Structures are given as C-alpha cells and as structure tokens.
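Participant: Spelled out from the first residue to the last, the chains are:
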Amino acid sequence: MTDVAPAPLTLEPLGAGPTYASVNIWLPQLYIESLRAGSQVIENRRFEGCLFEGPAVILPIEGCQFDGCDLGDAKGDPRSLMLAPLGANRVVGPIAFKNCQFINCRFVGVGFTGAAAFLDDMAQAIGGGAPQ
Amino acid sequence: MNDTTQTPMSAEEKFGRELVARTTFEKEAVWLPSLAVHHMNAGQTFIEGKTFTECLIEGPAVMAVMNGTHFDTCNMGVAENPKTLLLDPRGDMIAGVIGMSNCQFIRCRFVQVAFTGAREMLDGVEKDLLGARGAAAQA
Numbered sequence: 000m001t002d003v004a005p006a007p008l009t010l011e012p013l014g015a016g017p018t019y020a021s022v023n024i025w026l027p028q029l030y031i032e033s034l035r036a037g038s039q040v041i042e043n044r045r046f047e048g049c050l051f052e053g054p055a056v057i058l059p060i061e062g063c064q065f066d067g068c069d070l071g072d073a074k075g076d077p078r079s080l081m082l083a084p085l086g087a088n089r090v091v092g093p094i095a096f097k098n099c100q101f102i103n104c105r106f107v108g109v110g111f112t113g114a115a116a117f118l119d120d121m122a123q124a125i126g127g128g129a130p131q
Numbered sequence: 115m116n117d118t119t120q121t122p123m124s125a126e127e128k129f130g131r132e133l134v135a136r137t138t139f140e141k142e143a144v145w146l147p148s149l150a151v152h153h154m155n156a157g158q159t160f161i162e163g164k165t166f167t168e169c170l171i172e173g174p175a176v177m178a179v180m181n182g183t184h185f186d187t188c189n190m191g192v193a194e195n196p197k198t199l200l201l202d203p204r205g206d207m208i209a210g211v212i213g214m215s216n217c218q219f220i221r222c223r224f225v226q227v228a229f230t231g232a233r234e235m236l237d238g239v240e241k242d243l244l245g246a247r248g249a250a251a252q253a
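Protein chains in written order, with this note's numbering: chain A, 0 to 131; chain B, 115 to 253.
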C-alpha cells in the first residue's frame, strides 16, 4: 500500500504550546502533532485569538472553556454546528480536547459534539437555539 | 493588451489539482482531511464520484454520507458498539464534516473516521455494522 496523501502538505509545525496566540490552526494538523507526541487528546492548552479551521468536529471532554469565541456560521440555526453522538460513552472521529481554554478564537468549518447538556448549552450560548 | 504571464504552479498546488481530478484510488492510504481540503481549495464543497478500492481511509474526520455513496465489504473502524462511529446532526445543515456523494468504498478500512447523515442512513449503517460483526463472530 502506498501513502500518497500527507506528503505534499507543507505546514509550519504548530508545536506543543501550551499557549498559542493569534495563530491559524488547521485542526487535523494539531491532532496529528499531538498524536505523534503520544496523545490522542489535545490537553492543557490555551488558545488566544486563534483561527481554527476544519473540516473537523471538536469534542470537548473535560474542563474546556470558550470565552468570547465565534464558533462559526450557523446559518441561522446554532444546531447546525452540533452533532450528537449516538454512542453513550465513546465516539470515534472527532478531535478531543481536555482542559483547554479558547479565548476570543474563531472557528471555521468546525462542528461540535459532546454530551446532550453540553450541546444544549453551546446552542443557547450561540443564539438561543431551542434544545432538542 | 493581453497579459500572458502565468504564475508557476507550486508542487503542492499541482499535487492538489491532480488529487481532485482522480476518480479511482486503489491500495492507498488516504488522509481524509487532506483530500477534503484539496477539494475545497478547488471550489468543491464535497467529494464526488470517486471509487476507493482496498484503501486505508484515515481521519480524524466525520464523513457525511450523501446520495449514492456505498460501502462494500468495508471495515468501518474499531468499535464494540457501532453507535460510537455514528453522529446525529442536530440541525438541517452540518458543520465540520466531509461530504461524500456518489463514492464507492470497496474493501476499505477506516481509522478514526465517524459517519453522519440522514437518520435513515445512520440506521442503515448501524444495521450493516451489526450484521458484519455477527458474521465475523460466526466465521
């Protein structure tokens, strides 16, 4: 099997942080760098004034704060940014964050998943969307 | 006066254009986020009309399974409970996912990839995964 996809990507390494200020962050790259450093969960980071780009779905699992962030273009319905996991305790595919602070960050092409209560809180924080 | 000067294409742009133009992938590792970004750079908001045969499809990614996309004898990922591979969109639009329309996946393996789409599709995928697991247990 050949490996054709990752080779031509020429991105500057984001590094281990733990603090990132005014950086453009491609979420799959951040995940891969964390994975190469030995963790599937992106943990104990502080992002200030950063632009996060997808396509990616974020899973804040514990201790994450979003302060003054633009979570993306919800097309008039905050629920457009939310996906509910069908599994009770585990989810595959999204990028997990733990104990991370997002301050005045902007998200483009990013969805959010997590427990129902978290999704309801996010939807209401964005635009008063009615919980499902 | 016409300006015939052309900016040389970078190696990355050339690779991206060739990747987007391809319709078949065979025995390759495909990093789904990269494939999606190259399509977006080419103005395509979703990936359409490609056949992947015996490929390793890698995330992290959430794939929106759109019209005409089929999975034939694929390993969708490590999961005791198929529901851990499925996400249900809460709104009519879906942010952060990679749309795939009229794509065929034949004997592919998915790693760190979740799936979303219409509720009927999610139910169908869950049923297929349960069926595949049952067949494997009986083998």
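Note that these hints are calculated values from the structure, not bench results. Among the hints, erroneous ones may be present.
Simulated crosslink set (EDC-like; lysine to aspartate or glutamate; CA at most 20 Å straight-line) [as the list claims (entries may be wrong)]:
(1) A:K74 to B:E132
(2) A:K97 to A:D72
(3) A:K74 to B:E142
(4) B:K164 to B:E142
(5) A:K97 to A:E47
(6) A:K97 to A:E42
Bear in mind the structure is a predicted one, so any value in this text is a computation, not a measurement.
Participant: Compare the distance between the alpha carbons of A:K74 and B:E142 with 20 Å, and conclude whether the hinted pair is satisfied.
Facilitator: violated, 36 Å
Participant: Between A:K97 and A:E42, does the CA-CA distance stay at or below 20 Å?
Facilitator: Roughly 5 Å separates the two Cα atoms, so the pair holds.
Participant: Hey, A:K97 versus A:E47, does the alpha-carbon distance stay inside 20 Å?
Facilitator: Given pair A:K97, A:E47 holds - Cα atoms ~16 Å apart, limit 20 Å.
Participant: Is A:K97 within 20 Å of A:D72, Cα to Cα?
Facilitator: violated, 24 Å
Participant: Assess, step by step, whether the Cα of B:K164 is no farther than 20 Å from the Cα of B:E142, and give holds or violated.
Facilitator: OK: B:K164 and B:E142 at ~13 Å, within 20 Å.
Participant: Are the Cα positions of A:K74 and B:E132 separated by 20 Å at most?
Facilitator: violated, 32 Å
Figure legend: structure checked against the earlier numbered hints; hints not met, in rising order: 1, 2 and 3.
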